Amino acid sequence: MALLEVNNLRTSFFTQAGEVRAVNDVSFSLDRGKVLGIVGESGSGKSVTAYSIMQILTHPGRIVGGSVKFDGQELVGASKEEMRKIRGKKISIIFQDPMTSLNPVYTIGNQMREAIMLHTKRNKKQATERALELLRMVNVNEPEKRLKQYPHELSGGMRQRVMIAMAIACEPDILIADEPTTALDVTIQAQILEVMQNLQKELGLAIIMITHDLGVIAQLCDEVIVMYAGKICERGTADDIFYQPLHEYTKGLLASIPGADDDDKPLVPIAGTPVDLLNLPQGCFFAPRCKNAMKICLRKYPQMCQFTETHHSSCWMNIKEAADEGLVTLTEGEESANE
Amino acid sequence: MNNNNDILLEVKNLKKYFPISTGAFQTKQLKAVDDVSFTIRRGETLGLVGESGCGKTTVGRTILNLYTPTDGEIIFDGKQIKTKKDLQEYRTHATMVFQDPYSSLDPRMTVADIIGEPLDVHKLYKNKEERAARIRELMGYVGLNSEHASRYPHEFSGGQRQRIGIARALAVNPSFIVCDEPVSALDVSIQAQVINMFKDLQKQLGLTYLFIAHDLLVVKHISDRIAVMYLGKLVELADANEIYRNPMHPYSQSLLSAVPIPDPDTARKNQRIVLEGDIPSPLNAPSGCPFRTRCPRATEQCAQSMPPLTDRGDGHFVACHLV
Ligand SMILES: Nc1ncnc2c1ncn2[C@@H]1O[C@H](COP(=O)(O)OP(=O)(O)OP(=O)(O)O)[C@@H](O)[C@H]1O
Ligand SMILES: Nc1ncnc2c1ncn2[C@@H]1O[C@H](COP(=O)(O)OP(=O)(O)O)[C@@H](O)[C@H]1O
Ligand code: SF4
Ligand code: SF4
Ligand SMILES: [Mg+2]
Ligand SMILES: [Mg+2]
Chain A
1 MALLEVNNLR
11 TSFFTQAGEV
21 RAVNDVSFSL
31 DRGKVLGIVG
41 ESGSGKSVTA
51 YSIMQILTHP
61 GRIVGGSVKF
71 DGQELVGASK
81 EEMRKIRGKK
91 ISIIFQDPMT
101 SLNPVYTIGN
111 QMREAIMLHT
121 KRNKKQATER
131 ALELLRMVNV
141 NEPEKRLKQY
151 PHELSGGMRQ
161 RVMIAMAIAC
171 EPDILIADEP
181 TTALDVTIQA
191 QILEVMQNLQ
201 KELGLAIIMI
211 THDLGVIAQL
221 CDEVIVMYAG
231 KICERGTADD
241 IFYQPLHEYT
251 KGLLASIPGA
261 DDDDKPLVPI
271 AGTPVDLLNL
281 PQGCFFAPRC
291 KNAMKICLRK
301 YPQMCQFTET
311 HHSSCWMNIK
321 EAADEGLVTL
331 TEGEESANE
Chain B
1 MNNNNDILLE
11 VKNLKKYFPI
21 STGAFQTKQL
31 KAVDDVSFTI
41 RRGETLGLVG
51 ESGCGKTTVG
61 RTILNLYTPT
71 DGEIIFDGKQ
81 IKTKKDLQEY
91 RTHATMVFQD
101 PYSSLDPRMT
111 VADIIGEPLD
121 VHKLYKNKEE
131 RAARIRELMG
141 YVGLNSEHAS
151 RYPHEFSGGQ
161 RQRIGIARAL
171 AVNPSFIVCD
181 EPVSALDVSI
191 QAQVINMFKD
201 LQKQLGLTYL
211 FIAHDLLVVK
221 HISDRIAVMY
231 LGKLVELADA
241 NEIYRNPMHP
251 YSQSLLSAVP
261 IPDPDTARKN
271 QRIVLEGDIP
281 SPLNAPSGCP
291 FRTRCPRATE
301 QCAQSMPPLT
311 DRGDGHFVAC
321 HLV
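Line by line, the protein sequences are chains A and B.
Sequential numbering of the first sequence, starting at 1, is according to my numbering.
Sequential numbering of the second sequence, starting at 1, is according to my numbering.
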């Protein structure tokens, strides 16, 4: 059994304009000590997936279907009491903007001690010791001085380290990081990524890394999920996704970013604009922008298929190719895929 | 090697200081740009990179005189920009595209009026028909449908808004455009559309760009040469491929090694040079070389004097005592 199992998760926001299906039938699992990347453009449902796992959705959002199991325990519909034992202790989350989770009027020391004493049986002195130890683990220099400082006195990179330190205070099994380095400069990002890599190795922490940066994914992740319009289009190891992409959207993403090689091949953009979740197309959600869309793509959503032990994709192109190779047989309605 | 006629813009010893109040009756100079010199050739793209707060935007705005320079010379097309009249003329040759496609467009103006405003300001048409035709032409350049002319900015996506901003920058028929992080706010799938458009327009209209961005792979893709800034100073300037293959300044070396490459094999092999510490505040910039507080190779000499930016061969400029 995997540490975390997400099955057919659906989360919607019930807005005046209608139901926004932010997470639409998402399934994946995460093993202990692994790093899973979730990549996708803005609005694709990455954060909402994370908030759904943590059960921290706010009105008008709610989980409308599916299941999230941590170590076998169902979290969807779990009581407040049950979630209190999970959040921070088993699964922690950090955000892009650490200021949203830090209180500006208390010192770092105050907030760290508070968090430590809330979750563990430590007195004030022991909590201070632990806070210092945690700050050292995330490579904060002059930790004693930091404890006396207020959040606004720290740089963005320093604040993000403090957040990571607080997130791992109770030695959770999973750290969810929602774009933790997006607002940071690249040399500071490198520091934070290094800290996360070390924690994963030293503490056996499993990490869910949410980002729109394929570079960060390549750097850090064992497995990758590519999301589009609330759905997973492709899932596999980092090598699967970068070297053998199956889904047309993934291929489009990879062709549209510049690489580091000398011979600059021209970028091939993805045409059009991201879908409007209030007006989802009938078939494949990517079809209006897909240069290889076929008739069937406009009619029927391609189901998620497994192509190798690790590699899954939901794209008619793959299904058609598999059929051409005689690996699967198409049903009658699907025969017209070629047209 | 360079005939002067090749050079469109020359910036000499440019400085821009902002007075910052540090208490009652006390002010300190924040040296956002401190003694920066470079040239841009006709038709080239010079990329400008560096971490936030290092002075990139200030360089861009000061060379367009959107900020009055504290000191230094700006020579455009062989002519120093000095008087008000020079400036007026200069403004029809040099324009800017801004980072934020959301806040840089007036929400109460239609697309036609946003794009037409520079035409009005510089009186670049004889009659209404000519104005409308020019607006249609500009919208065509950036791939906007002319039916969109009467719509308002909020009706457009980020990528489309950035196109509106670019059409507006093109209105005066400039030869030089400062592009300040023009794709940073856009999703990757949209970024490529806009980057390709910049390249196409450059070919079509013979434009010269100063292209500011913090995504180093984007900058490398679009630039002929790249300049690296740190705390208000230029520390390295070279041909784009050369600087990637052979960065010489210790800051450029760590900056480039920190870029996450979208390729797992490279990522596994890549030896990152992870810098310690944060960028100092420009209000308390270190003496001598600005990088010395984070530089793994700093010596005593580095605290004493700022190394000059000098050519180390083939136009590869570096400012470091040890290189
Ligand atoms: N109008 C101003 N008044 C005071 N200080 C300013 C002003 N504009 C810029 N600065 C300061 O000058 C320095 C350089 O700013 P600038 O915006 O040019 O940097 P940048 O590299 O473009 O940053 P970013 O990438 O974050 O946009 C910063 O420390 C900034 O705070
Ligand atoms: N509070 C909310 N109310 C209505 N819609 C929301 C809310 N939060 C998120 N959404 C919608 O859910 C979708 C997915 O959002 P999100 O998961 O935040 O995207 P991202 O992948 O950028 O993190 C978006 O269309 C977004 O507009
Ligand atoms: S299912 Fe069809 S439209 Fe969707 S990505 Fe695949 S080929 Fe394109
Ligand atoms: S001058 Fe000295 S401190 Fe500056 S980059 Fe060179 S070695 Fe480092
Ligand atoms: Mg998000
Ligand atoms: Mg800027």
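It is possible that part of the hints are untrue.
[Stated by the list, open to error] Chain A regions said to be covered by chain B (calculated; three or more residues, Cβ under 8 Å):
id, segment
1, 3 to 12
2, 90 to 100
3, 245 to 254
4, 307 to 315
[Stated by the list, open to error] No farther apart than 27 Å at their CA atoms in a straight line, the calculated lysine-lysine pairs in the DSS-like style are these:
id, chain 1, residue 1, chain 2, residue 2
5, A, K201, B, K269
6, A, K201, A, K90
7, B, K28, B, K85
8, A, K145, A, K80
9, B, K85, B, K15
10, A, K90, A, K69
11, B, K199, A, K251
12, A, K295, A, K34
13, B, K79, B, K28
14, B, K85, B, K12
15, A, K291, A, K251
16, A, K265, A, K300
17, A, K124, A, K85
18, B, K12, A, K265
19, A, K251, A, K265
20, A, K34, B, K269
21, A, K251, A, K148
22, A, K251, B, K269
23, B, K199, A, K291
24, A, K145, A, K125
25, A, K125, A, K148
26, B, K203, A, K265
27, A, K265, B, K269
28, A, K85, A, K69
[Said to hold, decoys possible] Some chain B residues flagged as far from chain A (calculated, every beta-carbon gap over 10 Å):
id, residue
29, T22
30, Q29
31, R42
32, G43
33, N65
34, I75
35, K85
36, E147
37, K220
38, I261
39, T266
40, Q301
Calculated directly from the structure, the hints in this document are not laboratory data.
Only a predicted model underlies this, so the values are computations on that prediction, with no experimental measurement involved.
Every residue gets a Cβ at the ideal spot worked out from N, C-alpha and C, and that includes glycine.
Hint by hint, here is what the structure shows:
no. : hint            : verdict
1   : 3 to 12         : violated (count 0)
2   : 90 to 100       : violated (count 0)
3   : 245 to 254      : holds (count 3)
4   : 307 to 315      : violated (count 0)
5   : A:K201 - B:K269 : holds (18 Å)
6   : A:K201 - A:K90  : holds (17 Å)
7   : B:K28 - B:K85   : violated (32 Å)
8   : A:K145 - A:K80  : violated (36 Å)
9   : B:K85 - B:K15   : holds (22 Å)
10  : A:K90 - A:K69   : holds (12 Å)
11  : B:K199 - A:K251 : holds (22 Å)
12  : A:K295 - A:K34  : violated (39 Å)
13  : B:K79 - B:K28   : violated (33 Å)
14  : B:K85 - B:K12   : holds (21 Å)
15  : A:K291 - A:K251 : holds (11 Å)
16  : A:K265 - A:K300 : violated (34 Å)
17  : A:K124 - A:K85  : holds (22 Å)
18  : B:K12 - A:K265  : violated (35 Å)
19  : A:K251 - A:K265 : holds (15 Å)
20  : A:K34 - B:K269  : holds (20 Å)
21  : A:K251 - A:K148 : violated (49 Å)
22  : A:K251 - B:K269 : holds (24 Å)
23  : B:K199 - A:K291 : holds (22 Å)
24  : A:K145 - A:K125 : holds (16 Å)
25  : A:K125 - A:K148 : holds (15 Å)
26  : B:K203 - A:K265 : holds (17 Å)
27  : A:K265 - B:K269 : holds (23 Å)
28  : A:K85 - A:K69   : holds (14 Å)
29  : T22             : holds (16 Å)
30  : Q29             : holds (22 Å)
31  : R42             : holds (21 Å)
32  : G43             : holds (17 Å)
33  : N65             : holds (28 Å)
34  : I75             : holds (31 Å)
35  : K85             : holds (41 Å)
36  : E147            : holds (16 Å)
37  : K220            : violated (7 Å)
38  : I261            : violated (5 Å)
39  : T266            : violated (7 Å)
40  : Q301            : holds (24 Å)
In summary, the numbered hints that this structure violates are 1, 2, 4, 7, 8, 12, 13, 16, 18, 21, 37, 38, 39.
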